[in-house]
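Colleague: Here is how the chains run, residue by residue.
Protein chains: 4
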Amino acid sequence: MNVESKGKKGTVRTLGILTGGGDCPGLNAVIRAVVLTAEREGIRVQGIQNAFSGLIHNQFTELDSSKMDHLLQYGGTILGSSNRDNPFQFMMTIDGERRPVDVSETVMTNFRKSGLDGLIAIGGDGTLKITHRLFQKGLPAICVPKSIDNDLLATDVTFGFDTAVGVATEAIDRIRTTAESHGRLMVVEVMGRNAGWIALFSGLAGGADVILIPEIPFSIDAIVANIRVDRSAGKNFSIIVVAEGAFSKNGDVAVKKIVDDPTEPRRLGGIGNVIGNLLEEKTDIETRVTVLGHIQRGGIPSTYDRNLSTRFGVHAARCAINGEFGQLVALQKGRIKTVPMADAAEGQRLVSPDNDFVQVARSIGISFGDET
Amino acid sequence: MNVESKGKKGTVRTLGILTGGGDCPGLNAVIRAVVLTAEREGIRVQGIQNAFSGLIHNQFTELDSSKMDHLLQYGGTILGSSNRDNPFQFMMTIDGERRPVDVSETVMTNFRKSGLDGLIAIGGDGTLKITHRLFQKGLPAICVPKSIDNDLLATDVTFGFDTAVGVATEAIDRIRTTAESHGRLMVVEVMGRNAGWIALFSGLAGGADVILIPEIPFSIDAIVANIRVDRSAGKNFSIIVVAEGAFSKNGDVAVKKIVDDPTEPRRLGGIGNVIGNLLEEKTDIETRVTVLGHIQRGGIPSTYDRNLSTRFGVHAARCAINGEFGQLVALQKGRIKTVPMADAAEGQRLVSPDNDFVQVARSIGISFGDET
Amino acid sequence: MNVESKGKKGTVRTLGILTGGGDCPGLNAVIRAVVLTAEREGIRVQGIQNAFSGLIHNQFTELDSSKMDHLLQYGGTILGSSNRDNPFQFMMTIDGERRPVDVSETVMTNFRKSGLDGLIAIGGDGTLKITHRLFQKGLPAICVPKSIDNDLLATDVTFGFDTAVGVATEAIDRIRTTAESHGRLMVVEVMGRNAGWIALFSGLAGGADVILIPEIPFSIDAIVANIRVDRSAGKNFSIIVVAEGAFSKNGDVAVKKIVDDPTEPRRLGGIGNVIGNLLEEKTDIETRVTVLGHIQRGGIPSTYDRNLSTRFGVHAARCAINGEFGQLVALQKGRIKTVPMADAAEGQRLVSPDNDFVQVARSIGISFGDET
Amino acid sequence: MNVESKGKKGTVRTLGILTGGGDCPGLNAVIRAVVLTAEREGIRVQGIQNAFSGLIHNQFTELDSSKMDHLLQYGGTILGSSNRDNPFQFMMTIDGERRPVDVSETVMTNFRKSGLDGLIAIGGDGTLKITHRLFQKGLPAICVPKSIDNDLLATDVTFGFDTAVGVATEAIDRIRTTAESHGRLMVVEVMGRNAGWIALFSGLAGGADVILIPEIPFSIDAIVANIRVDRSAGKNFSIIVVAEGAFSKNGDVAVKKIVDDPTEPRRLGGIGNVIGNLLEEKTDIETRVTVLGHIQRGGIPSTYDRNLSTRFGVHAARCAINGEFGQLVALQKGRIKTVPMADAAEGQRLVSPDNDFVQVARSIGISFGDET
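Residue numbers (the working numbering), protein chains in the order written: chain A, 1 to 372; chain V, 1 to 372; chain R, 1 to 372; chain Z, 1 to 372.
In short, the hints are calculated from the structure, not lab data. Fair warning: there could be bad hints in the mix.
Which copy? The list can't say, so a pair holds if one copy fits it or any two copies do.
With a cut-off of at most 25 Å between alpha-carbon atoms, the simulated SDA-like pairs for lysine to any residue come out as follows [as the list claims (entries may be wrong)]: (1) Lys235 <-> Gln59; (2) Lys235 <-> Ser66; (3) Lys113 <-> Asp64; (4) Lys257 <-> Arg13; (5) Lys333 <-> Asn277; (6) Lys235 <-> Ser53; (7) Lys235 <-> Phe60; (8) Lys235 <-> Thr61; (9) Lys337 <-> Gly138; (10) Lys282 <-> Thr93; (11) Lys337 <-> Asp156; (12) Lys256 <-> Ile216; (13) Lys67 <-> Val229; (14) Lys67 <-> Gly115; (15) Lys137 <-> Phe88; (16) Lys257 <-> Arg288; (17) Lys282 <-> Asp354; (18) Lys67 <-> Asn236; (19) Lys333 <-> Phe357; (20) Lys256 <-> Val224; (21) Lys282 <-> Asn83; (22) Lys333 <-> Asn355.
Just so we're clear, the structure is a prediction, and the values are computed from it rather than from any experiment.
Only chain A is shown next, with the shape it has when bound in the complex (with noise of 0.2 Å):
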């Protein structure tokens, strides 16, 4: 048994599982699996509402198969979700005046009164912290890693990730005909906001002509120069994928002249819009802008996110019955381990510039701005 275990085998009868952070295409499969998984080995299962929130409030929901229906196929969490709870700072007005209040000590309080063995806990970098600290109070948790970035130092791959990139490239799909028909340069302004992935894969699936991530610093003139080389091979459009942090680390000086000033119209769009009107001015051609946004994050999930989920939810499941607490559920190299949760807590996954991927795009032609 693990060495951070505070619990027994034998001992779980009764199980919580929230869900943390922003939400995601895979979430209700993996509490669909962890119930699922928990009643055939004799165990309830209770669904907490509204991430910490539902500590803090009491608020929970029964949870067995008969309710599981339909959520494989359905994206976010029918737990609801929230950013806004973190027990430890959680919002409160005292004395006319808002400020943040450690009110831990009632979350561990209202876990215990509320007959629960063990808690699953569902979430991103904030969610893990939070279970970690409450772990370390004495509270029985497994954590089960969400980013729809994939972005988590601690797995390979997270689930929604390649429902988002399934959607962004289904809508680079699109955009290509316009640009094509109209000879224009389209930039795609998609997820990522300290994590290229989504802008790599999407825009390497898409066959995009530009790909602009955080983690590679990128020059607008080195952007038009390779719109012109592609101009004068006579390829008359031209795809600008972009993350949304692109401009997150450093970069080039015009991009930072109007993100620094906030005076500047064209900054309030995001960094696309920053990027296309740039663009727009440098080559005289004509620029449209599409920003993806939500549409990424949620909906069906795609049959990788819907097995990915129902695995770690299996996993998680399964650890909390055998009272291995204080873990964190994880795939590296195709299979399914757990990692403390005190080594899962540290750093982030990036793209690093020699990531297969990165070489791979370089060698079919696409840029990333980065052309001395």
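We have chain A; now place chains V, R and Z onto it with these hints.
Modeller: Positioned in the frame of chain A, the structure of chains V, R and Z alone reads:
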């Protein structure tokens, strides 16, 4: 034979075809249908590139059945299109000054010299008007109507519209899971400058709570009241579908103030953002805005659009072969008809407030933001 | 008020609703529209389970708006359906023998006892006839037409048909790549027992070379001749779309011999296999057969079907609320109408050989296997 | 440089490329990646038509980047493929008799005369073995593995598989609504002659109740028992996913009797029909069978398959350019590797009974028909 006809059956040997205005799923399917129909009658087809530009600059490309593979399934137009090529007001630089010049005689001459016996012009309002003027000057032409917004008075349906509605509805389906999971207001801005058909059809199909269209003046307060009723009835999220031209006529004072204020940053993102911001302010409910943009007009045409395009193309080719020029091909009450161009040029198909879709939507509780 | 009407406006307090016959995308959307419309008028709706079985066995389920979530997007029927429950010929075991019994009086009694003031029956030909007979016995009823094959005379379009055509077309798109890659004949059998609408619409949209439908007698030799012409013109593959009832009327001698021979193994796989085998024999070209089957009638309804279903549901609810019974709701020339059940019960909507879709298909070179 | 290598970096000027065996989504994406990579290095690419036939009959087609548009999105292979062209056993008619002849020397000669410096052969088991023998005769070759069933031992994943699983899962999603609405057993036969990967992955993702694969012997009685348990627990339908080769090894006596009986009509429709018929007989529950067939292997590749194909193509081109021949490109633990052809030719990737997907499926109650 038709009164307006300028040709004579049996004298047509070569047809020209062009696509004008914004691209749209189904353009290629019209081209394919024209080429396949003509070829079986022993008639050649010349593709004219980039709308009327091709007639100004003599850019032609021979089309035959061997080049028609996959065109049913492929969005956009292989002929290219343009919005900046009106031969009656062609922008030229003369004496260092850029101004519009009437080059329609050049077009007439090029058309005759190129050996074409008839022109099939696929396009919207603008293309139709130009073609009609050329027809009046003696150029034998047939029009095929195109409008992604489905707002042409002469035809009950235009191709591309069904595909656009499908894309918008799928986006609303995806956005719904986030709305539910987070208890948010989600604003989805769809196409529709003058007519609200896409918003109406996709909002009804996607299960929207509120639909805002140009034809029905709305008030922010009415929408807020509607959302409050839903909340008090236990529904924790709302989906608001907004046509991009929802505010083109008249409407709410608060919206008008923002839209009319050139220094107001919220107007930059379009009406969807203005409404999203106002709703969040007034309801204090977390709100997100998605502007679907160009993904609505590209990509694989729906089966309906493939078939309507094919029907339009075959009928246009037959008209041309029979020398029945000066006509617009149209769908009326399920049948393909021809309408004299002169009659077709006037008016827009707008959503009447007593349209059945509007009434049906109201019956199931959808608000148009106009309740008192 | 309508002549056939048996009720009176304002007296309807509770409606029953049932779904009969084979399932179809859009049934749930009709149920949802009826419930939402009725609820806003203060009228309760009882779901009757498993078609008329529910009225025989008193199986009801209360429906309200809280249960209507996701029904727009979900195929099939939450009420269940059945083909084996005709109350006028209900199969019962009496004295050890299974025989049909008229239990319609039980149905009338159960209906009255259950407190229902009106019935909305959604179904095809069979359901319509049963409902009409019950109406004649005094049961206040409204019908909503359903036929995945779109073969009801009373309505121009039935819901589910557009979805089925979409699924079939996507399948043809997929099969095309194999046909091209291997230079094969690919036979695709689609639904359509009596009417060839699905084959006609999906064949036209999918770019079929040959379409075989029940309404147009075909000959294998004509198809073979057609394939040979294509081959000699350099086209190395052919796609043949076959309605499952393509041979229901009369036709080719070779096919008839197989279909009529009970010992002939090739008939077991259906008409698609018979035709595939004969074509491979006669052309010596590698041939593959795909029978699409049930995937055509399930899953997410298309936007068109969602909206048609919603319109049908709202209008049916309004009729019932207004006490206008004995009617079938129908779409005619783009408008929702009501048709007296008596008139609606007769006749099938078949493909006329001079239907525009047939003529258009012939114009672009599609064969119906009937050339001489 | 690799030991098996027969070339020398810098000496490769022209590459040939062919596709062998059954088609698969992603073949065109491999071709595109090879051409784009080679072109940027100044290397020409000749497409060889119809697999090895093109080398026997000297059928070549020049490939360059201008012909690569849309290939990412397009299934099948633009080069054509064939299963009947093994140069070591080429079927010829000699003295009026059809028999296999070794024409491999012709292939070697044609290859040299055509000016090719290296061959990239994309194909499955058969293509790999032929290519290896040609390599042993001195033909410099690289293999890219292809198997829609994902059953090659040398690579963890093959392209096309993810698309096939996606198509199968969507079909199961559609079929589910009919199963639920009618309380039926629905049997879905998917691809997988020797390996059950498609059945396992799509069954898990589609929420199947029973999955039958070649690697796990099943018994009809166990399935029937499983269905009865579900019914008594209130679940009125079951979905049974069957790999086409589910019975290839050993298994149920009743199935064996039918499959072995050449006069048994039920065997003609394949294993899905045999099982469907037996289940309906034994349970007396209405049962329907759908054989998905060729729709699983065609059409638009998924994003995963597009990217895997592109990675394979780029790496194969690089190997060839570097003169590293005799290798198979493969994906192992997330990284692209090369494997000597000699090692790659042996063995099949089968589903182990203790594979995590199998164990996970069992944990949530999916039966493999092997319970006692």
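Colleague: What hint numbers does the structure not satisfy?
Modeller: Violated hints (numbers, rising): 4, 5, 17; every other hint is consistent with the structure.
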